[in-house]
Amino acid sequence: MTLEEYTDRFTGMLNFDERKGYEGYIVHSERLVEFARTIRDELGYDYLSSVTGVDYLPDEQIEVVYHAYRSQGGPGLVFKVQVPRINPIVPSLVSIFPGADFQEREAWDLLGIRFEGHPNLRRILMWEGFHGHPLRKDWEEPYFEESEKPFNSRWPEGKAFRIEENKPFKKNVQYPPEFTPDGWIPEADTALYSGMVRLGAKDAGNGRSLETDQILVNLGPQHPSTHGVFRMVVSLDGEEIADLQPVLGYLHRNHEKIGERNTYLMNMPFTDRLDYLASMGNNFGYALAVEKLMGITPPERAEYIRVMMAELTRIVSHLFSIGTLLNDLGAFFTPMLYALTERELILDIFEAVSGSRMMCNYFRFGGVARDLPEGILEKVYELVTERLPRKVDELDTYLTDNEIVRTRSIGIGVLPREQAIEYSAAGPVLRASGVGYDVRRAESYSIYDRFDFDVAIRHNGDVYDRYLVRLEEIRQSLRILQQVVRDIPDGEFQTGKPQYQVRVPPGESYGRVENPKGELGFYIVSNGKPNPWRYHIRSPSFINLTAFGEMCKGHKIADVVAILGSIDIVLGEVDR
Amino acid sequence: MGDDLNGPEYQVPEELRSHITITTLDRIYNWGRRSSVWPMMFGLACCAIEMICVAASRYDFSRFGMEVMRPSPRQSDLMIVSGTVTKKMIPQIVRLYNQMPEPKYVLAMGACASGGGPFKEGYNVVSGVDKFIPVDVYVPGCPPTPQALLNGLIKLQEKIDTQSIRTVRWYKREASEPIPIPILGPDLIDPRDIPILDAKRASVVKPDVPENS
Amino acid sequence: MYGIGLIKGLGVTLKHFIETYLDDIRWLGRRYYRDESLAERQGPHARGIFTVQYPEEKLPVPEEFRCIPFLVYEVGEDGERLYRCTSCGICSKVCPPQCIWIVRSNDPETGRPIPSPTEFFIDIDICMNCGLCAEYCPFDAIKMDHDYELASYDRLADHIYNKERLSKPVTYYESIRPMNFAFEEAARAEKEAAKEARRKAK
Ligand code: SF4
Ligand code: SF4
Ligand code: SF4
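Chains as they are written, first to last, in this note's numbering: chain A, 345 to 920; chain B, 23 to 235; chain C, 153 to 354.
These are calculated hints, taken from the structure and not from any lab test. In this text, all values refer to a predicted model and were calculated from it rather than measured experimentally. You can trust all of the hints, since none of them are fake.
Derived CB-CB ranges, DEER-like:
no. : chain 1 : residue 1 : chain 2 : residue 2 : range
1   : A       : G365      : B       : K181      : 54 to 60 angstroms
2   : A       : P842      : C       : P267      : 21 to 27 angstroms
3   : B       : P200      : A       : G527      : 22 to 28 angstroms
4   : C       : M331      : A       : G473      : 52 to 58 angstroms
5   : C       : F169      : A       : G582      : 37 to 43 angstroms
6   : A       : E762      : B       : K181      : 54 to 60 angstroms
7   : C       : K347      : A       : R734      : 52 to 58 angstroms
8   : A       : K364      : B       : P200      : 56 to 62 angstroms
9   : A       : G473      : C       : V227      : 57 to 63 angstroms
Cβ coordinates follow ideal geometry from the N, Cα and C atoms, glycine included.
With the rest of the complex left out, here is chain A (with noise of 0.2 angstroms):
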């Protein structure tokens, strides 16, 4: 059965997206949830990757956008709903895709769509009271200069000033006219703390029943294993977890306002401080993204050149991840300064290349900033075929038969291969759990078939599962990068002229790449001009957070923070 077919099925609610440079259908959001229960059901898209809104201030309409994929691999389908702008409504889909609950409070708390019927529609990054929607196109930042960068207060008459001491509070902030502090209270969590699971009584054994106090647990944001400052709210029953609320925000730097302001270049460095630990990476999805709307394709020394970054950066990602997840199951430092040492020489790398050891801001689109320093390749020959693989076996006898770390990681954190297709999880949490789902293979991008390496698969799902699929993802980009090493052309790097100021025309476009942490996703919407028109970044971590409660329940309180340090969440990632 064809979509096609659908279309006769849903009469006149269901039309092809028939603007230019645009794909998909576009659904009427009275038959949103039947359309979305028929492609999971009946054409097996049972993996919905991103949930988005965009507003599109001249037609006051806001869109929601849907992008579904099948977990056996292959192209995705795009839907969307439109909506007007003035308090727009669009039915829920977490009743079927339970994946998009996060993804829809975040599309409520920044552009201020409300989704009927999801279970807890609260903020998500901003606090709950928090004055406007910002990501909507007529909201304004406090230091709002102009709407589109680059500013022209810069040149030719650039007097420097700090913005904030133009401003009456000498600081970031702006308050609706009608506003009081006097009569303001806080909203205390309070809202948060009662949405948790209340204990029933329980059954004490003897007949009568136990009535069991509810403890709730606030650990972070400053705690030293939530890997940066991410809170959750945890209710127990004893040690035992009842429920389990992440909150998020604590690290939300307006990444999409920011980059709707930037021009297209702008963004690639700001892509770096996305996931931190992987800049490479988040600049790959990223210039996909934007090559694929340019309609422009990079030479074949800049794609091996691509790969070859990409998964030196998986290793470091790796790397610290394992190291991170030692330390959060108790084995403080020694396993992350062996860990560390390793990333470090695969640092100097990045810093030969790219001028920086983290933020290498490296990728251009058609290609990358400048040819690879003499003597990089024999560097990289010389870490991937002898170091690195000895430095890896080295790590798998330190840790993996260790009986602590086995007794602390097998069987914790469960998350069985249905939940983790139904919550959108993604990357080695998803992988663990028996969905053999890598965006290299699945819909393979840049040269990534050409190559022969195999996608690590465990069938477990748990805490111990997540740690082997990351140390066999090193394996396997090791494999790739000898073959990269080998094969590597001479030639250019760079199709055309560096141009500071691309053009870009108008559509849609989707760019998506297997980060180490995910599936790291750019939603780019331009309309011609010299900045995206939306930029909206499906983040793994974030989304991977979606089932962090329910991999919890049930387990003790100790076990939480291994069970977070096994999805391996990078917080600038998170709140953006």
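Given chain A's structure and the hints, the job is docking chains B and C with the ligands onto it.
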């Protein structure tokens, strides 16, 4: 170490130098403090990763006596603000700062913590942690390399060296005031700004003039 | 048997522990504060202690390393500074967080813009060290510095770098980025030669 401590104004005979050190109280007091600055284990953003690298084997700040990173503010002397300070996070940061015992120091690591950084224009970003808590050393860079951070830590040690036990604020009779904790309202509210906010409201006669222009 | 995994793991730590001492013996007294041993210790053959003894020894930064940008000037015949910058404004347009401010003045007589910046500011509390300004400057006038030891006690006074603070001579540029410099000079010479040839042809 002895050479660090020797006061220049006292001449100790050559043969006794390895056993005897004459110093001032200030010197030994500062020496003790500078050699055991315990940072708080507290990372905010990208810069925190570089801070972890400084703690790891390559740069290894245990060479400066700083390896004891305490997750609790009660046990730490130094807060390395390593990353973007957001409005949602600043109440917690101020609270942590208030909880640190004196003597306490703050090092703003990276462009974000110093003055807002690349994300400064964002609606949820605080333009520099020094808008709320006093900062002792600023380390520019985005992110500062581990060596740059070490350089900042050495600067901090130099600052400690210049302090005198007689004038430091934590031995003053009057206790130092805690910093009022910001509130999350429709936007971030600094309690110290409330009088201005009220005054502004009172002064606005024409309702069509937006307050925040 | 239970515990084998643990013992294997401890074997690895023991190996690391012993290696540091083996390295001590191998390098006997020449281990620190020398460039060769630093390169060896930090290279792919590193074993044992991996630490850089900053500040006594510093890890060399690669040529491409970038920190804050600086303005390149050439020294004229009378020792005056000839800025390469023509105040074309491209760097300030390409700068992602918009932290470059340039004042361009007009010649009072002709009314035409003077091809040199009157003032030039970079707010280093905003600069993200991305290097785009250096990459897209058509005159090789702004380059990324290698000096990262910038820690200070006060930011309000001196974290907006002005033209004075940003200026560094071309010889400095040559010393930190010899390969880039040679490459750019060659390209410039070629361009000059081509121009010359064209002029002759006329
Ligand atoms: S200064 Fe740069 S590296 Fe540091 S937190 Fe800010 S954006 Fe990240
Ligand atoms: S530094 Fe370069 S790009 Fe910037 S104004 Fe000067 S000449 Fe133009
Ligand atoms: S390095 Fe980047 S952020 Fe800094 S001045 Fe240059 S373009 Fe701007």
